[in-house]
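Q: So you can see what is in the structure, the chains are spelled out below.
Number of protein chains: 2
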Amino acid sequence: MSFRFGQHLIKPSVVFLKTELSFALVNRKPVVPGHVLVCPLRPVERFHDLRPDEVADLFQATQRVGTVVEKHFHGTSLTFSMQDGPEAGQTVKHVHVHVLPRKAGDFHRNDSIYDELKQFKFKSFTHLPKVPQLQKHDKEEEDSPASWRSEEEMAAEAAALRVYFQ
Amino acid sequence: MSFRFGQHLIKPSVVFLKTELSFALVNRKPVVPGHVLVCPLRPVERFHDLRPDEVADLFQATQRVGTVVEKHFHGTSLTFSMQDGPEAGQTVKHVHVHVLPRKAGDFHRNDSIYDELKQFKFKSFTHLPKVPQLQKHDKEEEDSPASWRSEEEMAAEAAALRVYFQ
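Chains A and B, in that order, give the protein sequences.
The first sequence begins at 1 in the numbering used here and counts up one residue at a time.
The second sequence begins at 1 in the numbering used here and counts up one residue at a time.
Pulled out of the complex, with its shape left as it was, chain A reads as follows (with noise of 0.2 angstroms):
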């Protein structure tokens, strides 16, 4: 049995929780070490498809993969963000939550970024997941399998996570 995530299908290998009305799954490009997504079992497009129960489900289960991914990555915060709509950054057409293990100096590696972009209010853009104009440019990237990890370790990596469920 595979899990539905827009138009992908989702091998269980990578599945490291499933929930009465959700699932969480490994990322096959991480943005930090840890970055996992949760998603509603139905596959809707907008958050506002889903009913109060799947809402709730969702996100206690997001409540959980967080204090997991924090803990296993040694993480110090989380990030949380979902991109709702294209105009958000949404490229796959499912419901899902990005859960982002977070620790002090993880973007220092480059520190000439930070001086170029304070200049341009970098807190507002730092609020908003992508924008418009980028999102062919992430599209291309996204389906480019040669920058994806081997199934294997996205396999490895949710075995790990899994032990903590049980």
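Take these hints with a grain of salt, some might be off.
Each pair of labels, with its calculated beta carbon distance range [unchecked claim]:
1. A/Ala156 x B/Arg162: 46 to 52 angstroms
2. B/Ala104 x A/Arg4: 44 to 50 angstroms
3. A/Lys93 x B/Thr67: 15 to 21 angstroms
4. A/Glu45 x B/Tyr164: 47 to 53 angstroms
5. B/Lys93 x A/His48: 27 to 33 angstroms
6. A/Ala159 x B/Ser144: 35 to 41 angstroms
7. A/Pro12 x B/Ala156: 48 to 54 angstroms
8. A/His74 x B/Glu152: 42 to 48 angstroms
9. A/Lys93 x B/His72: 20 to 26 angstroms
10. B/Val163 x A/Arg149: 47 to 53 angstroms
11. A/Arg42 x B/Phe165: 24 to 30 angstroms
12. A/Gln166 x B/Ala160: 36 to 42 angstroms
13. B/His8 x A/His74: 27 to 33 angstroms
Covered stretches of chain B, going by a simulated chain A footprint (3 or more residues, C-beta under 8 angstroms) [unchecked claim]:
14. 71-80
15. 85-96
16. 150-164
No lab work stands behind these hints, which were simulated from the structure alone.
Every residue, glycine too, gets a C-beta built ideally from N, C-alpha and C.
For this one, chain A is given, so just place chain B on it according to the hints.
A: Structure of chain B alone, referenced to chain A:
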């Protein structure tokens, strides 16, 4: 009666929705028009501190709020973001969900920014609301009343939104 939001006391005039366990308020410094916040009534710092019934109520309220601000501010998509902990950019120590109506071109005001950002993996940064390096900078901004909207402007916006929930 006022609402507690971390260290702040929030006047009912800027709150436009109160549910059994949550409330929603307009933003004194919106990133885009209609950028509002949804919070649990109980002032807890981290998402993992919330009980399951509080998680359900918070995101069922967030879903209703998203539908309303997307309609009222003529958006076509929504960005939902939760900065859970200091390393994720949380400045107010009270769980809160950012809800931002999005529309095509809403961040095209300064195209030259994106040209500069693209070469620095803009996608990665825009997944992440703020970075630790900018916390001090942002806190100072946040504490400067000069940059806030007037109480009258915020109360008028809250009154307009309140109508949708009656």
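Q: Given a hint of 44 to 50 angstroms, does the C-beta separation of B/Ala104 and A/Arg4 actually sit inside it?
A: With a Cβ separation near 28 angstroms, B/Ala104 and A/Arg4 fall outside 44 to 50 angstroms, so the hint is violated.
Q: Has the hinted range 35 to 41 angstroms been met by the Cβ atoms of A/Ala159 and B/Ser144?
A: Hint violated: Cβ distance 49 angstroms, outside 35 to 41 angstroms.
Q: Against the range 36 to 42 angstroms, how does the distance between the Cβ atoms of A/Gln166 and B/Ala160 compare: consistent or not?
A: This hint is violated: roughly 49 angstroms between Cβ atoms.
Q: Do three or more residues of the region 85-96 of chain B come closer than 8 angstroms to chain A, measuring C-beta to C-beta?
A: holds (count 6)
Q: Does the region 150-164 of chain B contain three or more residues whose Cβ lies closer than 8 angstroms to a Cβ of chain A?
A: Check failed, 0 qualifying residues.
Q: Is 42 to 48 angstroms right for how far apart the beta carbons of A/His74 and B/Glu152 are?
A: holds, 47 angstroms
Q: Given a hinted range of 15 to 21 angstroms, is it respected by the beta-carbon distance of A/Lys93 and B/Thr67?
A: holds, 18 angstroms
Q: Can you tell me whether the CB distance of B/His8 to A/His74 sits inside 27 to 33 angstroms?
A: holds, 32 angstroms
Q: Indicate whether the distance between the beta carbons of A/Lys93 and B/His72 respects the range 20 to 26 angstroms.
A: holds, 25 angstroms
Q: Take the C-beta atom of A/Arg42 and the C-beta atom of B/Phe165, compute their distance, and say whether it sits inside 24 to 30 angstroms.
A: Given about 26 angstroms between the Cβ atoms, the range holds.
Q: Counting residues of the region 71-80 of chain B whose CB is closer than 8 angstroms to a CB in chain A, do you get three or more?
A: With 6 residues in contact (Cβ-Cβ under 8 angstroms with chain A), the coverage given for the region 71-80 of chain B holds.
Q: State, for the Cβ atoms of B/Lys93 and A/His48, whether the hinted interval 27 to 33 angstroms holds or is violated.
A: holds, 30 angstroms
Comparing the model with each numbered hint stated earlier shows that hints 2, 4, 6, 12 and 16 do not hold.
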